[in-house]
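The listed protein sequences correspond, in order, to chains A and E. With the working numbering, letter number 134 in the first sequence gets 141, and the count goes up by one each step, no holes. With the working numbering, letter number 126 in the second sequence gets 1358, and the count goes up by one each step, no holes.
Since the hints were made in silico from the structure, they are not lab data. Hints are supplied without guarantee of correctness; some may be wrong.
To be verified - Cβ-Cβ distance ranges computed for the label pairs, FRET-style:
1) ARG1357(E) - VAL18(A): 30 to 40 Å
2) GLN42(A) - THR1300(E): 25 to 35 Å
3) TYR1253(E) - GLY25(A): 47 to 57 Å
4) GLY25(A) - VAL1278(E): 23 to 33 Å
Said to hold, decoys possible - Below are the SDA-like pairs computed for lysine to any residue, each with C-alpha atoms no more than 20 Å apart in a straight line:
5) LYS1266(E) - ALA38(A)
6) LYS1266(E) - PRO207(A)
7) LYS1285(E) - ASP43(A)
8) LYS1316(E) - LYS1234(E)
9) LYS1234(E) - PRO403(A)
10) LYS1266(E) - ALA410(A)
11) LYS1234(E) - GLY46(A)
12) LYS1234(E) - SER414(A)
13) LYS1234(E) - ARG408(A)
14) LYS1266(E) - TRP324(A)
15) LYS1234(E) - THR417(A)
16) LYS1309(E) - LEU1375(E)
17) LYS1316(E) - TYR1347(E)
18) LYS1395(E) - LEU1356(E)
19) LYS1393(E) - ARG1357(E)
20) LYS1350(E) - ASP1288(E)
21) LYS1245(E) - LYS1234(E)
22) LYS1346(E) - ASN1308(E)
23) LYS64(A) - ASP43(A)
24) LYS1316(E) - LEU1375(E)
25) LYS64(A) - MET246(A)
26) LYS1234(E) - VAL411(A)
27) LYS1316(E) - ASP1343(E)
28) LYS1266(E) - PHE320(A)
29) LYS1234(E) - ALA410(A)
30) LYS1266(E) - LEU33(A)
31) LYS1266(E) - LEU124(A)
32) LYS1350(E) - ASP1380(E)
33) LYS1245(E) - PRO403(A)
34) LYS1234(E) - MET246(A)
35) LYS1245(E) - MET246(A)
36) LYS1393(E) - LYS1285(E)
37) LYS1316(E) - LYS1285(E)
As the list claims (entries may be wrong) - Anything over 10 Å on all C-beta distances counts as not near chain A; from chain E, calculated:
38) GLN1242
39) GLU1243
40) TYR1253
Positions of the beta carbon are idealized from the N, C-alpha and C atoms, including for glycine.
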Amino acid sequence: MPPPWLIISLVVFGASMGTVAYLILLERKVASWAQDRIGPNRVGPRGLLQPIADGLKFFFKEDYQPAGVDRALFTLAPAIMMAVVIVAYAVIPWGGMVQTESGRWAFQTASLNIGVLFVIAVLSLSVYGIVLGGWASNNKYSFLGGLRATAQMVSYEIPLALSLLAVVVLFGTLDLGVIVEKQAHYWLGFIPAWNVFAQPVAFLMFLVCIHAEANRAPFDLSEAEQELVGGYHTEYSSMRFALFFLAEYAGMILTSAVCIALFFGGWHLPWIEWLWPALAGNVDPNHPAVTTSILAAVARSFIFYGKVVAVIFVFMWVRWSLPRFRFDQLIGLAWRGMIPIGLVLVMATAVLVYLWGPNGRPNMRVGGWMALALLAANVASVVAAMIAGQLLPAPPPTNRRMAVDGSRFTRTPLPEGTS
Amino acid sequence: MKDSDLIVLQEPKLTLSDQFYLPQVLVGLGTTMKHMLRTLGGADRVVQYPEEKREDLTVEQGGFLRQTYRGVHRLNKDEAGRVKCVACFMCSTACPARCIHIEAAPAPWPDREKYPAKFDIDELRCIYCGMCEEACPVDAIELTHEYDLVGHTRQEMIFDKEKLLAVYDQTVKDEPM
């Protein structure tokens, strides 16, 4: 009998790769629905075999390597993109803890007590894939895409970390499994104690930042088709391109899973444990994550998975709704908008934890009043940031004068006979 | 550059919700969600092409009038079933894409001097402007309304005299534009 973490990691790997394939189909379907179309519907019933056709197509395409590329880095870049994302799957707490005769083990690949830190560290590495891909391609458009991605990632790591910090300060742990466990109870007996209700602003910041980390619209400046051909993967083809493509979706699964663990209670599905107590722990009422039933742990994983797919749908919904930012807007949103709000938010959370935490220490389960105070602090931090934003020095005046001729206000008479 | 050659662009004034951006994001998301739900409810605008054809649909359903489409050429035949063309080269002279290649030969019939021994049209070079049709003095070359023109090779898409005459046989009932 292999150890449970090995089985779990293999299943997670297989399931995530299968999900990635179907996410590409879902992306195309969502795009079609938003544009009054129905999307792929020819391969298999209702187009459900389309991922197989797409995958086969990638395999049969020529794996072209242009002259002048840095061969080692050109091959390494997509591999880095894919590898870092898969490594980070290890710390996602899919199913809480399981208690058996042989002891207590976490239903995940590796239960790291620095899980949040590990995810941030690994996510930052994925920018290497983009930068190296852009650099090794020996193509100015790819290079520009890589540069843009660097500036964007550097800017958005900070609000991402700040929004994580607001959660970490509150719960006093970096272990994703413990963070999930502390959300698995109720305020007033029926409101799920999910972090999103206590810290909605931190959640919104996190959501915006993971969009930026995923390099997807409206933050897809590094692969802006209209300006940069294809951005950092312009020169890539065949399975090398497919790896970039799959890594984008695998990264979405990862960041969505972290989002679920931090803000939506992970495997916790409210009210259902009143029907099936093992789902919310049947060993220790103070540790709802621990259950004796492996079946319950598996069910938790499916709940977690369902929530992840819901967040990914939001990713796609946003992509097909919003236009791309201009680059100064992109950087301005991070540095003038989210970083000040995030700083205020972390400070407010820290003060509240100091005032109301047990002995002023953070390691706590959030009570109802605390949640209300956090909510108020969230709203207040946004209001404070809006007021502070008005006090910031104004940007330099824009030159709004432009030549009449050649513009749409041209006075040049039209040729005879046209209207 | 003089001041009179310049204009000062006035950007639209942003409301508070525009400035804060997020409310407008939600409005945009609402619009796409409305479209998604409508499409899932069966209000899509898709024409399942080979099974469904636009010419069979009304304008409201996205249909189009086939009679206004300039498609594949045909070489007309006269009452005796002979090719009408007299190999005068008017069409290939008028052709802006230079896609018509004619080789003339003495006609085997007494009523005309020449007839086309070869008459090739490269359907891939053709821009379907209809100039050949207008130039033809004997109404021998015409554009049909056939739009579903496909082939596996470039060679296959060069239509010779037999093929163009065969197009006439298939579309003889069609009224040209």
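Hint check:
1. ARG1357(E) - VAL18(A): 30 to 40 Å: 57 Å, violated
2. GLN42(A) - THR1300(E): 25 to 35 Å: 27 Å, holds
3. TYR1253(E) - GLY25(A): 47 to 57 Å: 36 Å, violated
4. GLY25(A) - VAL1278(E): 23 to 33 Å: 28 Å, holds
5. LYS1266(E) - ALA38(A): 13 Å, holds
6. LYS1266(E) - PRO207(A): Given pair LYS1266(E), PRO207(A) is violated - Cα atoms ~25 Å apart, limit 20 Å.
7. LYS1285(E) - ASP43(A): Holds, because 18 Å separates the two Cα atoms, which is no more than 20 Å.
8. LYS1316(E) - LYS1234(E): 65 Å, violated
9. LYS1234(E) - PRO403(A): Not OK: LYS1234(E) and PRO403(A) at ~24 Å, beyond 20 Å, violated.
10. LYS1266(E) - ALA410(A): Given pair LYS1266(E), ALA410(A) is violated - Cα atoms ~41 Å apart, limit 20 Å.
11. LYS1234(E) - GLY46(A): Cα-Cα ~53 Å, so violated.
12. LYS1234(E) - SER414(A): 16 Å, holds
13. LYS1234(E) - ARG408(A): This hinted pair holds, its Cα atoms lying about 12 Å apart.
14. LYS1266(E) - TRP324(A): 11 Å, holds
15. LYS1234(E) - THR417(A): 15 Å, holds
16. LYS1309(E) - LEU1375(E): 14 Å, holds
17. LYS1316(E) - TYR1347(E): 8 Å, holds
18. LYS1395(E) - LEU1356(E): Judged against 20 Å, a Cα distance of about 15 Å means the pair holds.
19. LYS1393(E) - ARG1357(E): Holds: LYS1393(E) and ARG1357(E) sit about 17 Å apart, inside 20 Å.
20. LYS1350(E) - ASP1288(E): 37 Å, violated
21. LYS1245(E) - LYS1234(E): 28 Å, violated
22. LYS1346(E) - ASN1308(E): Given pair LYS1346(E), ASN1308(E) holds - Cα atoms ~16 Å apart, limit 20 Å.
23. LYS64(A) - ASP43(A): At roughly 27 Å apart (the allowed maximum being 20 Å), ASP43(A) and LYS64(A) break the hint.
24. LYS1316(E) - LEU1375(E): Distance of about 15 Å is within 20 Å: holds.
25. LYS64(A) - MET246(A): Holds, because 9 Å separates the two Cα atoms, which is no more than 20 Å.
26. LYS1234(E) - VAL411(A): 11 Å, holds
27. LYS1316(E) - ASP1343(E): 11 Å, holds
28. LYS1266(E) - PHE320(A): Cα-Cα ~15 Å, so holds.
29. LYS1234(E) - ALA410(A): 9 Å, holds
30. LYS1266(E) - LEU33(A): At roughly 18 Å apart (the allowed maximum being 20 Å), LEU33(A) and LYS1266(E) satisfy the hint.
31. LYS1266(E) - LEU124(A): 39 Å, violated
32. LYS1350(E) - ASP1380(E): The hint is violated at about 25 Å.
33. LYS1245(E) - PRO403(A): 18 Å, holds
34. LYS1234(E) - MET246(A): Violated, at about 57 Å.
35. LYS1245(E) - MET246(A): 48 Å, violated
36. LYS1393(E) - LYS1285(E): Violated - the C-alpha atoms of LYS1285(E) and LYS1393(E) are around 29 Å apart, more than 20 Å.
37. LYS1316(E) - LYS1285(E): This hinted pair is violated, its Cα atoms lying about 33 Å apart.
38. GLN1242: The claim breaks: GLN1242(E) does not keep its Cβ more than 10 Å from every Cβ of chain A (closest is about 8 Å).
39. GLU1243: Per Cβ check, GLU1243(E) is inside 10 Å of chain A; nearest 7 Å; violated.
40. TYR1253: 8 Å, violated
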